[in-house]
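Undergrad: Using the hints, put the two chains back together into the complex; each one sits in its own frame.
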Amino acid sequence: MKATPYNLFMSALYGGRKGIRPPTGNPTSIACVELMKACGAFFPEAHLNARAMADLALAGHELAGFDTVMPEYSVHQESAALGCEMDWGNETRMPDAKTAPYADFSDVIVPENILEKPSLRVVLDALSMLRREVGGQAAIIGKVMGPWTLSYHMAGTQNFLLQLGLGEKDKINRMLRQLMPVTIAFANAQFRAGADAVVLADHATGNLVGPYHYRDYLLPIHQEITARVGGPMILHICGNCLDRLEFFAESGVDAYHFEWQVDARTAVEKIGKRISLIGNLNNPKTMFQGTPEDVYKQARYAIEAGVDIIGPECAVPLTTPLANLRAIPAAVREGY
Amino acid sequence: MNESIQQIKEGVIEGRHREIESLVREICKTGISPDTVIQEGLIAAMNVVGQKFSDGEIFVPEMMVSAMTMKLGLNIVKPLLTGKAGAPKGTVLMGTVKGDLHDIGKNIVVMMLEGAGFQVIDLGVDIDVEKVVATVAEIRPQVLGLSALLTTTMPEMKRVIEELRARGLRDRVKVMVGGAPVDAAFAEKIGADGYGRDAVQAVALARSFVGH
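Chains A and B, in that order, are what the protein sequence lines are.
Numbering follows our numbering, in which position 119 of the first sequence is assigned residue number 119; successive positions increment by one, without gaps.
Numbering follows our numbering, in which position 37 of the second sequence is assigned residue number 373; successive positions increment by one, without gaps.
Just so you know, these hints were derived from the structure itself, not from any lab.
Don't be surprised by glycine CBs; every beta carbon is placed ideally from N, CA and C.
What you were told as hints is all true, and nothing was included just to trick you.
Dumping the calculated SDA-like pairs for lysine to any residue here, alpha-carbon to alpha-carbon at most 25 Å:
id : chain 1 : residue 1 : chain 2 : residue 2
1  : B       : Lys525    : A       : Glu293
2  : B       : Lys388    : A       : Leu242
3  : B       : Lys434    : A       : Glu85
4  : A       : Lys169    : B       : Ile440
5  : B       : Lys434    : A       : Glu34
6  : A       : Lys285    : B       : Pro491
7  : B       : Lys434    : A       : Thr319
8  : B       : Lys494    : B       : Ala523
9  : A       : Lys171    : B       : Ile440
10 : A       : Lys98     : B       : Asp462
11 : B       : Lys434    : A       : Asn90
12 : A       : Lys169    : B       : Ile349
13 : A       : Lys273    : A       : Glu304
14 : A       : Lys98     : B       : Lys467
15 : B       : Lys434    : A       : Phe42
16 : B       : Lys388    : A       : Asn240
17 : B       : Lys434    : A       : Trp88
18 : B       : Lys407    : B       : Val384
19 : B       : Lys467    : B       : Phe522
20 : B       : Lys407    : A       : Leu166
21 : B       : Lys388    : A       : Thr205
A few chain B positions that, by computed beta-carbon distances, are all more than 10 Å from chain A:
id : residue
22 : Pro424
23 : Ala502
24 : Gly547
Derived CB-CB ranges, DEER-like:
id : chain 1 : residue 1 : chain 2 : residue 2 : range
25 : A       : Pro111    : B       : Asn411    : 40 to 50 Å
26 : B       : Lys467    : A       : Asn90     : 13 to 23 Å
27 : A       : Asp263    : B       : Glu350    : 25 to 35 Å
In isolation and in its complexed conformation, chain B is listed as follows (with noise of 0.2 Å):
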């Protein structure tokens, strides 16, 4: 790998926000395409990170600072992207569902695919059925992402799909759930496509649904 694309890596992964704009302007420069930059330079970092997070190398604090880190190096390189080669993976739209404030998690999960290259809409807490709904209807993404760590709002999960299947919007987007009280017993349960039990399987279920 180029030294300087593995720089960039390294930076990712090891969160030197301070230093990354500079690196990443600096390596664009030299005529690698910004496409490169990205995929084998900042999202593969992120990569690292999900496996390390996966490990338990490294918990939520690092993870921030890295997605923050990759965040900083995409703004540089992303206004010299051309034609396809900018195209996000998918679009990804994500909430924690009525009567649930909790987003940390969720929160995380935004930040790991936007570092996977997923474009994500993120609607925000105590997020109304017909409010989610109305949004996969205008937006059309790929991949649905609802959160929940209240036993109590777990159930808005499966209103969710129910109202999707209502609205003939169902068989148009694969759904995923998460959060501390759901599990893949429940995801099958509710009609829900698949269960993320972290950031980095929500990844990973994102990449499988839309082909990657």
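Chain A on its own, in the form it takes in the complex (with noise of 0.2 Å):
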């Protein structure tokens, strides 16, 4: 196999073949101020403009030197097409939903030419312009959000999770199963639009709610989504998810990114046959605060850990150093 980026990090998602060294991804934002200097690219115009949004991934890609190219830095361009009154940040601020429309759970009416609006064209456009540019050469990472975050965006987080707490199965599910072709239309055309593989964020995460809460509501909705999208997903749900690892691996996806919270060696041993596994270097304390040799000596570890694709746990904090950032493709440079 040749070794390039787009075939190591291929290969590694599908569990295939090994190349001369692991692959690192981003499956969540590595955009940071010093990239966005690096390149001209500054938030938020990279949220809302299909070339500055093109451009800091290909600034994560040819800078920082991932395998990647992931152009979708919030977590919000689905809840602004669904009618969230967007602040939509600065360099060292990402962007928040300043409403919630459907606190209360009234029908979310999801406009029938939702994939034109702005907060979604864009990342259609930019992903276009990626698969032009590095089509092959480096691997097309896109990114949805899952039926549960759309439902906090909705919602409100807490008022969700009360619901959820109050045993409201009803009112939770029918909001879940309202949002879920939102995350299944626009993960089919961000394939269409060139994507490789598709994130599916959907923060279920450990700090929050129960692997009984996972495994009830949303693995036959993930499970759903898997089965109607074309390509190859990726799930990431933050936290310590130790708990419902197995849960994941039966959701159909084809990776699972995780964070520091769960040791890499426990992960790979519990799933690691099933499903490929990307991360984990811890961002607090390693990736914005460390130095490279701190971010060198984690992501060896995940190497010898035997994690598939090496990268950040989740979205690096906006003011990470770039030269932590570089210290992951050294850190895979040096091989198995």
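TA: See the structure below:
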């Protein structure tokens, strides 16, 4: 197998042949201020302008050295399209929704032309640019928010969790199922636009909800999503999810992107033969406050543990030093 | 333990929010002291809830419903308290620091502190250093709890502590910090009095600060 970034990543994503070195990958954002300055594409423009979005993604590959380009940085592209009033942030602040339009759990109205809404269109256009510019050379990663995350945005996170605690199963399931088509449509559109893989980010995180919540509400939905989406999907759920890894392996995704709170060796032991694992370098302590040597050590630990694709655990803090991002490709270049 | 008190305790633990008000009303008619209902029923229940959360048996949704249930019960019994029996264990001022809009973790801590018998004043999110310090000067809480979920806003915690020192208020309030990127080493580095990994630890810290 030729040791191109694309080949190395895609083979590892499917648990295939190993090349001369492990791949690096970023299912979540590696945008940081230094990277923005280096390529001239800044937040908030990079959330809403396709060229800026693509340029910042390219910088992750060409300047930071990752084997992937991933152009979606915020978690709010869909929520903006569904009617949330947005604060698109700035260089050091990610976007945030200011409103939760379905706090009353009324029926979610999904616009028929939702893929043409500016916040979704921009992602599709950026993916197409990346396909034309680095297709087959770097792996192109799209991203969609799953119905759980979208429900947080539509109803308000605390409100949603309270209804969950009150046992309002019909309310919860109805909202999830009304939002599921958005996830599926956007994911399929991203593959058509040029994505090689799409991240399914769905924040039923271990810090908020239990494994039984994932099993009872979200696992069937994820199984349906993965069955109806054309290409490979990477599940991203934050937090300590050790207690639900086996459920993730049943969801139909090809890989799970995991956080530092789950030890790499344990994750590999539990589900490494069933789906690929991506991660899991610590963000606050290592990527943000650590040195390149600290990053290197954690990357080598993950490699030696058997993690398939090496990268930060989640979206890196926006003031992460570029030198720390570069330390990950430096670590994988040493091979297995 | 009195069977009725046990029922109230179980009612809160199980989040039986529809029944708790009538349960508490009934028990208050039997002559059991309101303070006993609160301490041995409602607050004791939240201690169990906190332990279950720490042990990973329950999660935020269940904790929220228990806290809601406890509050409903408390609203019935509190007006019946007399004298010092109604005094809170202490006052805690809570807030998420400037530039940070995250509040779920902080809100859970607020619920658990109230469940533990503290009076809590919640300043909300994105709060200026000046506002925090001015409020400390005005209401003189025993404890100040600061939350941050972003690495970029963590430095605000240090700014608050420095400003408290500059205004001669540092020795009058215990400062505890928390939030996903925060840890004990950071808390020590900035001169905080304690770090709470979760809401349960925050309550334990607050208790230790007020001498309970």
